Structures are given as C-alpha cells and as structure tokens.
Amino acid sequence: MNELEHPTGDPYGAKDGKDLVSGITVFPMEPHVLRKADIDPKAARRAERQVAAMFTTSSLMIILFIVAFVVIPNTTIITVPVIGTVNANHLATGFAFGMAILLIGIGAIHWAKKLMPDVEVTQERHSLTSRDDERQAVAESFARGKAESGFGERKIIRRSLLGALALFPVPLIVLLRDLGPLPGTRLRETIWDKGIHLVTDATYRKIKASDVPLGGLINAVPENLLEIEHDEGTLNQRGKASIIIVRMDPAEIVSQQGETWDYQGILAFSKICTHLGCPTSLYQQRTHHLLCPCHQSTFDLSDSGNVVFGPAARRMPQLAITVDSEGYLVAQSGFDQPVGPSFWERG
Amino acid sequence: MALNKRHPAALFAVLAVALGTTGVAYAAVSNQTTPKVATQSETQVEQGKQLFLEGCSSCHGLAAQGGSDGPSLIGVGAASVDFQVGTGRMPLAAPGVQAMASMPSYNPEETAALAAFIATLGIGPAIPTQEMLDTSDAELALGGELFRTNCAQCHGASGTGGALSQGRMAPNLMGSDAKYLYEAMISGPQSMPLFSDQTLTEQDKKDIIAYVQELQKNISPGGATLGRLGPVTEGLFLFIVGLGVLIVSAVWIGAKSK
Amino acid sequence: MSTTQDSVATPANTNAAGKNGGVATFIDDRLASANFTKRLLDKVFPDHWSFMLGEIALYSFIILLLSGTYLTLWYNPSMTEVVYNGSYVPLKGVKMSEAFSSTLAISFDVRGGLLLRQIHHWAALFFVAAISVHLLRVFFTGAFRKPREINWVIGTLLLVLALLEGFSGYSLPDDLLSGTGLRIAQGIIQAIPLVGTYVAMFLFGGEFPGTDIMGRLYSIHILLIPGLLLGLITVHLIMVFYQKHTQFPGPGRTESNVVGFRLFPIYMAKAGGFFFVVFGITVLIAAFVTINPIWLYGPYTPSQVTAGSQPDWYIGWLDGAVRLMPNLETSLLGYTISWNIIVPALVVPGIMFTALGLYPWIEAWATGDKREHHLLDRPRNAPTRTGLGVMALTFYMILQIAGGNDVIAAAFNLSINSMTWTFRFLLFALPPIAFVITKRICLGLQRRDNDKLLHGYETGRVLRLPSGEFLEIHEPIGDAEKAMILGKADVIPLELPAAVDANGVRNPKAAKSIMRAKLSRWYYSDVIPTPTDEEMLESANHAEHELHAAQSNTKEIANH
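Residue numbers (our numbering), protein chains in the order written: chain U, 1 to 347; chain S, 1001 to 1258; chain D, 2001 to 2560.
Misleading hints may appear alongside valid ones.
Claimed, not checked - Pairs of lysine to aspartate or glutamate residues, derived as EDC-like cross-links and limited to a Cα-Cα distance of at most 16 Å, are as follows:
1) D:2482 to U:30
2) D:2452 to D:2544
3) U:18 to D:2479
4) D:2095 to S:1139
5) D:2043 to U:120
6) S:1258 to U:118
7) U:208 to S:1197
8) U:206 to S:1197
9) S:1258 to U:120
10) U:18 to D:2533
11) S:1256 to U:38
12) D:2095 to U:229
13) S:1256 to U:120
14) D:2244 to U:124
Said to hold, decoys possible - Here are a few chain D residues that face chain S, going by a calculated C-beta distance under 7 Å:
15) 2052
16) 2056
17) 2090
18) 2285
19) 2288
20) 2307
21) 2416
Source of the hints: derived by calculation from the structure; they are not laboratory data.
Please read all numbers here as calculations on a predicted model, not as lab measurements.
The beta-carbon is built from N, C-alpha and C at its ideal position, and this holds for glycine as well.
Given these sequences and hints, build the entire structure.
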C-alpha cells in the first residue's frame, strides 16, 4: 500500500474531492461554530465559576469523608428510604468519596467542553509500511548477521542448540510435580464402610429408622467424619461422602440399584451430583425427584436415582443401608462406584 | 431517616434479659397457653366438620380419604391444615403445579376448627405451641448452619426462594411467620420434604427460625440488596444502570458544546 | 567542559516557559525526549462517544489495581480452619477458612473495608462489561481491519485473561457461592480427557477442595494474570498511539488523516476527567448497592449449596452452555469421555474465542480486501459483517439467559424444564434468523441513506398542488450527513476465475478460487452502491425544478 506514502499536500489527503485511498468523496470541514462562552464573557465567567464550584465541592466532600470515617461508628445501622437498612459509616464515606472523585471528573470535562478551544485539528497519518529500500536494508542486516554467526552453515551447532532450547522448558514443567499427589484411588473411595452409622449433618446425631417420616429428607454424613476432622479436616470427605436420606412408601419404589438396599422405604443416595459435583438435595417429596441447583440435572430417587432431566449422564449412586441392633441406620457397605463427577479413568 | 444505633453488646444484653424473663414469664403463663390442639372442644370439631364438608370435601372426599383432585387428609395433622389454610394456599383457587400463598379464605377461628376436625381423623403433627416458637434461647449461628444444610438448597441462602422442577418453586421466606415456618418443616407441604422432630429437633427448628427471622430483618450493610438474588440481578444492574450512566457520560463528553 | 554543557542546556531552559521548564530540561538532558513529548502532546484523537468504551475498561483496570492492593492488606488466602469470632453475630462460632474469616473482617471490622470490597467487585464487573462493549464497537465498525489485526488479537487475549482474572477473584472469599463455582470448575478440569484427573489433582493439591487452592488462586489473581494484563494493555495502548485512532467518515475525514482534538489539553481534560467519572460512579455504586454479600452465603462447605447458584455475569454464558447440553457420556475401553462437560465448557468456548481472534483474517480472506482501513464502516454499510456479529451475539445471549434460567423461572413462575428445551431449540433457530433480519435492516438503512442523498430529508411541510395532489417538501441534507453517507467505500467482490485459462489448460487452483470468489460475493452481495455524482446532480436539479413549479402556483397548506 504505497498510496499513503506521499501526502499530496491537499489538506485532506484528497485529490479532486476524492480520497486517494478509498475513492470516497471528501467534503470540506464544516465551519467552526462559536460557543456561547467564546462570544459572551459572561457565559465564560459562569462556566468558570461552575467548574471552580465543582472542584471546591470535591474538596469539601473529602473533608466530609474524613469526618464521617472518624465520627460514625462502624456498627451504626440506619434505614434509608429506597436503599434499605445499611451501615451508616459505609454509606456516608462511600457517598462522600464517590462524589469527591466524580466532581473532579465532571469539572474537568465541563472545563474542556466550555472553555478550552473546540476547533478540530487535522493531522496526517504516516505510512505504517516501510519503504522498499528500508526493508531491503533490514534484510541485508539480517543476512549479514546470519552469515557472521554461521547459523546457516554450522548445522551441528544449530541442531544441538535447537535441541537444548527445546529441552530447556522441561524442568519448568517437572518442577510442578509436587503441586499435588497422583490421583491414586482418591476419586474412587469414600470413608463409608460396612456398619458406619448415618448421622445428621451439622448436628451429628445417629438416626433411628423409626424417626424418619414418610416424605422426609435428612442431610447426612458418615459418623466417622468426625474422627478424621482433627488430622485432615472434613471438607474433602464432605465433598464425596455426603448423602441424603429419604423415605417413601415401599410400594412407590420402582427400582433400586441393589436388592434390599433400602430399609423399609428409607433410601440413601449420594448428595454429590454426578455431573459437576454440586451438593444435590432439592428433594421434591411428591414426585421423588431430586434436582441439582447448579445445572438442573434431575434424578428420580424412586427409580434407582436415574437421570430424568438435565446434563448429568449418570444416575445418583445409592448407598446400601440397614439398621443396627438398636434400630439406627448404618451402611451395608461403602459405595459400589465412584461418587461425584466423571473423570477420564473412571471407566 | 430512622436512626437506629446498635451496639454489639446490645444483642447480648437483650439476650440476657430475655433469658431471665422467659423463665419467670413461663411459669406465670404456661397454664394459660396450653396447646391449641388440647383445647379443642366437641363444638369446635363439629364446626370444623361442617366447614370441611362445605369447602373441602369436593376435592378431598367426604371422609377426607382423598380423591383424584386432592390427597387424603387422614393423619396429616392440625399443623398441615393450619399451614395450608392459614397461608391461603387452601382452598385451591385454581388447579396448577403448586398452590401459592394468598389471602386466607377462612378466619383464624374457622381455621382452628378445621384443624381440630382433621386432627381427630388420625395422629399427625400438631400446631406448634408459643413455647416451641419462642426463639429467645435460640442459637443464631447454629441456626444458620442448619439453614444452609437443610433449607438453602431450595429456599436460597438468603431465604428468597428458588425454582424447582416443572414450574414448581420453593417460596420466599421473607414474610413467613415463625408458626408457618415450623409447620412447613413438620408437615412437608407440597414438594417440600418433612423434617421430623427426631432428626431436626425442636431446638434445631427454633435455631433455624431465629436465623430466618434474622434474615427477615433485611439488614444490608453494603447498600441496596437488589432483591438478594445474587449475581444475576447484580449483572443486570451493572449493565442497565452502571454501564448506562457511563455511556451517557461518554455521549456527553463527545457531544459538541453550544 | 561543564560550562559548555550548561550553555547547551540553557536555551531549552529559557524556551520552556514556566516552572516546569526545569523538570522538562532535566528529563530531556537524559532522554532527548523533546521530540517525542511534542508529538505526544499534539497527538490528535477523533471525538466519538463509542471511542471511550475501551477507556472505561482501562480505567476500571486501574481502579481494580488500586482497590485490590488495599484488599491484600487484610485478606489472608489461607484455608486453615478457624472459629469465627468477629463482629458479624449470625456467624459467630461457625467454623470457616481464614480466607472467609478475613473477608468477613474486611466487610465488618475494617472501616471502609466493605466499601473497598464492593468497589473492587463492581469495578471487576465493569471491567469485563466495558471490554465486551468495546469489542462490539470495534467489531461492528470494522476497526479490526488492516493494519489493526494484531491489536484485535491482543484484545481477544485481554478478554480471556479478564474472564480468568474475574473468576479467580470471585473464588477468593471462599464463600458458599464461589466455592460451588470452584467445585464446578474442578469438575470441568477433571473431565478433560487423558490429563484431566492429574491436572485437577495438581491444581488443588489433591482432592477438592483441599487446603492449597486459595493460596494458588491468590498468586494467580494478584500476580500472574494482572502482570499479563498490564503488559498486554500497555502494548494495546502503544499500538493505538502508534497506528493512530480510526475515525468515522465525515467532512474533512479521509483515509490519510485524523481529525479531532489534541491530547493536550483537550483529551488530558476529557479523558482524564472521564477516569474520575468512571471511578466516581464506581464508588457511588459501591456505596449505595451491595454486591456479593458473602455473609449471607456463609463459609464454603462441599456438602452445602444455595438455590440460585450463579457465577458473576461474565461466566454466565458458559454456565448456560453447560446447562443446555444434553447428557452425553461415552465409556470406551475403560475410559470415560464426558461430552456433556467438555463440549459446552471447553469445545464451544474454544471455538468461539478462536473464531473471534481470527476474525480479521477470516473476513480479509473471504472478501479479498487487503487494503488498509482507517475510516470506520458504519455497521449498516457492512451488512454481512453486522449480520454475523448480531448472529454471534444472539447465540451468546441465549447462553447467557440460560445461565440464569433458575432465577428467571423463580421470578416469572416459569418451568425450568420447558425453558431449557426452548433455549436448546432457540440456540440453533434464532441466530440465523437474527442474521437475515439484521442484514435486511442494514440494507433498508442504506436505501434510506441513498434516498436522503437524492431527495433530501422529509421536512414535514406538505404542499397541495392545483391538481389536488399532495407533495411533501424535501430539503437537501447538510454536508456533514452527506459526508457520513458517502463515506461508504465501494466494494468489489473478487472476480470469478476462469476454470480454463487462455490456452485451454485447466486451472488447478480454480476450485479454491471459485469458492473464495463466491464467498466474497456472499459477503458483498446486495450492497447498495451510493448514487453517482451525475445521479446526484440530476436529482438535485429535478427537485429544485419541481419545487419551483409547485410553489409558483400553490400555497403551503400544512405545517406540522
């Protein structure tokens, strides 16, 4: 594109009223229209006063900010119409600080618009392409350097260097190795096991089968969760071992993932969505549907926890349960499959 | 502007006073506030039966045994009736996916009569007593834990409600009375599962109610809440108001001055 | 020696009037910066409101750096479990991570801390929003065309980095909402074929959530990505300076000039002032409207969740894509491929961002237009591009709305299930419709422009002719509008190459060239040429003639 190279001297970079590059018709600049403040000194003074007033108010707002910050306790709550019941310190300091900043901005813009010259200026663009001789010179410099280094001829140096440079980032990747452990069986196992009691989440009470009402929902965890709390915390296991317990009329149970995995209509399912791992406990007792609030996967708990809607591909894993000699709910065994979202090696 | 200063110690003071007085007050009034279910009289049950036959039996059946249009009410208990009728969900205005709260069709006395009648049909959860709803000894923080564990998945962490399957929804709790919160937990209305007193004890429920009441105060230190609906309304506000104001400013900056 | 040096410096000192002369001399003595500074101060920028959208993004970034620095003074990225004992009563005694408890401390115990947090969060939303609308402006006006393709790619990278930066920051408070988002992100990483499980294990230091992720996200959020953003933003701005800003067609505007105002003093005041406006508005919004009230969500626990779990708006479209995807998963030879996750969360965004970044080359290839462009297209004058843009935007908007389907369902009493099915259908049906409609609107606007050129604009004054006919008086449009309309450069579709050359030999490249020529024709098809000078002249004469004839024997009857 060499058209841009030689400005024509025409003020608009045009010739015969046509843009040299694009061929569009070029119209002359419109005559400049004077503003009120350009003609009327009174208007100019008024604008000047307005700008100064904004800057001054800004300073006052900073003082207000400091006063509000110091005087209003951080615990004072006030009720303001429209906004609500809010922290007074927050509201007052935020308002003062915001106004202080905003007024500087509005003042500066007002100043520029009203008082600074508003005659448009034309500037030429310069070519973004170098001249051919310049390009030639670069190519020559490069060729000279290449020849002097011998990068072209000395193949053995070139190849060994490329090899070394290719390997140089490897330690940077290897160094990341100890970011975490290898997966191992972590994603496949939970702390559920035969005979582990089901206890209520947050209050850790054992659950008597007779205390689970028809249509009831209990968010539960394994009893041994508390045992590991001291050493490793409970969060990792909560992300895998959390379950929900529901009870329905045994006649309404269409199917289960294993025979007699329920106890008199009491069913236990993983709480961790098989899609992306959100805790799923939006149990709708009339339809026995379990909804995940993250992506709306829906599972039918009366029918083996099968997926009836949404992006989840696998049914919700069921935990086989029974009761101990005192009638408390216990697990028959751990989960028979990995809980939670899919992973490559899951199979 | 109502100025309403709250010292952190104030809450403890209130708590201490409340704890002290409830003990005394309880002894004095406990004789009068015996549970409603227990005060039911023959006439109240009779009145309830009449009301039932007139207003409810067309769907629930003459013996409340249920039918194609309504479930059996045998054994649902007084709590269920008080909740459904007291919040105006029943009688159903029009069939739909879910009964919505509206103006109650029956006055409190009639509601009590209906509840008393249904309670005679089978054993079910009773209407909670004043004592069960007294949250003065509730543990707020534990209530929050229990709320987030058992309630937030449907009603939202701030209690503003949420969507369920097929157009059903978990209602907003911001205007719900303690009594109805309690009754909902023990009776499991509509889609909601039951939370029995054995697995979620009376005290647990009190804690939860206390936490919901704290949410109902709608204190928002950081300013307007945008309905407490989370990032969706925050994003909408940002585009409509925030970016709107900035673009108007940009247009003002670019406009020729006169 | 020293005296000679002084005498050299003196003229500069005396010429640079005022107090700043000393400083200017000091710097120039060391950097010979006079020439550069003069060019900088005199640099002309065109004036248009839409050129300020990128500035909003830049200013938001500065606000983010500022407010973020303050937040680091109190925030503690540790996942060590502590029992909360701060001043927010409803969480007193609750176990939580130090990350969450320090965020609570910022919100309740540090005076002005909540304001800073809310400034930071609102500014983050502004940042991505401003980048997005800036991108739309650049796209629809064709400002990405040669020679600005590199800056377009940098802009695309900036957008991707902004999304990552936003998401990592959203996760840092370790509250129930953000933790759920992090859990989903972990699930997505875990679903990457072959390496996903390992990447997830390494990133989180083991199982989710582990105890490492906050510290790692923190260094990514406050060091790695901001560093990259800062570097790329600098290059982005230098390129705008160096290549000079584009401008809309208008009187006196050509491909080889820039018409506008000088940086000093006009833009110093206007753009500098605009920084304060953006900052001020952000602070006021942060003062009056709360954002991300983490104390309501509570600390993160992988066994708790809240209804209406949403990401911040800029991740919403990805969440929407994940929601709409049908539940496909393949188990093959003992390995699991989760199409339901990798398609919406990795493949679709991968395609979208690649297409976005490569668009300048795609269009240049399809149209064969390799010229430099410094005059912007009005969107109507590039109907195919505008149509494609609206089509992509429609696709994006459906995903975005789907990302909030549960909140919409709850607010308007709709069924999530039927909404999901509707969106699945609309995602494929609406974009093509949007393309066709947009193109038609563009062409309609072009015709109206031509009408205005030839017949002037309708004044609303109606004449009644003696014959009983009515005639509305048209008046010619002004030069500014004429220049704007005629600023449409003529486009020439590529020639269809001959399948056989002059000697009757088959052209081996013909098939590819024909395809390109056809693409070029499709791109430029039904573009309406602007009237020629002759047509304009004739029409002007005709109109004048008609008006004279009419006015000489009738009177104006209506004036509305």
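Quiz item: Taken at face value, is the distance from the CA of residue 2479 of chain D to the CA of residue 18 of chain U at most 16 Å?
Solution: Roughly 15 Å between the alpha carbons, so the hint for residue 18 of chain U and residue 2479 of chain D holds.
Quiz item: Against chain S, with CB atoms and a cut of 7 Å, does the hint on residue 2090 of chain D hold up?
Solution: 5 Å, holds
Practice problem: Starting from residue 1256 of chain S, check that the Cα of residue 38 of chain U is at most 16 Å away, please. | Solution: Measuring from Cα to Cα gives roughly 14 Å; hence the hint holds.
Quiz item: Do the numbers back the hint for residue 2052 of chain D, that is, is its least Cβ distance to chain S under 7 Å?
Solution: 4 Å, holds
Self-check item: Given pair status - residue 124 of chain U, residue 2244 of chain D, alpha carbons within 16 Å
Solution: Between residue 2244 of chain D and residue 124 of chain U the Cα gap is close to 10 Å, so the pair holds against 16 Å.
Quiz item: Has the given pair, residue 2452 of chain D with residue 2544 of chain D, been kept, meaning a C-alpha gap of at most 16 Å?
Solution: With a Cα-Cα distance of about 15 Å, the restraint between residue 2452 of chain D and residue 2544 of chain D holds, given a limit of 16 Å.
Self-check item: Hinted contact residue 2288 of chain D with chain S - closest CB pair below 7 Å
Solution: Where the cut-off is 7 Å and the nearest Cβ of chain S is about 5 Å from residue 2288 of chain D, the hint holds.
Quiz item: Given the hint that residue 1258 of chain S pairs with residue 120 of chain U, does the C-alpha gap stay at or below 16 Å?
Solution: OK: residue 1258 of chain S and residue 120 of chain U at ~15 Å, within 16 Å.
Quiz prompt | Given hint residue 2416 of chain D near chain S, where the shortest CB pair must fall under 7 Å | solution = 5 Å, holds
Self-check item: Restraint outcome when residue 2307 of chain D is required to lie within 7 Å of chain S by C-beta distance
Solution: Given a least distance of 3 Å, the restraint on residue 2307 of chain D holds.
Quiz item: Does residue 2533 of chain D lie within 16 Å of residue 18 of chain U when you go C-alpha to C-alpha?
Solution: Status holds; Cα separation ~12 Å.
Quiz item: With a cut-off of 7 Å, does the beta carbon of residue 2056 of chain D approach a beta carbon of chain S closely enough for the hint to hold?
Solution: At 6 Å from the nearest chain S Cβ, residue 2056 of chain D passes the 7 Å test, so the hint holds.
Violation of the numbered hints given earlier is absent; every hint is satisfied by the structure.
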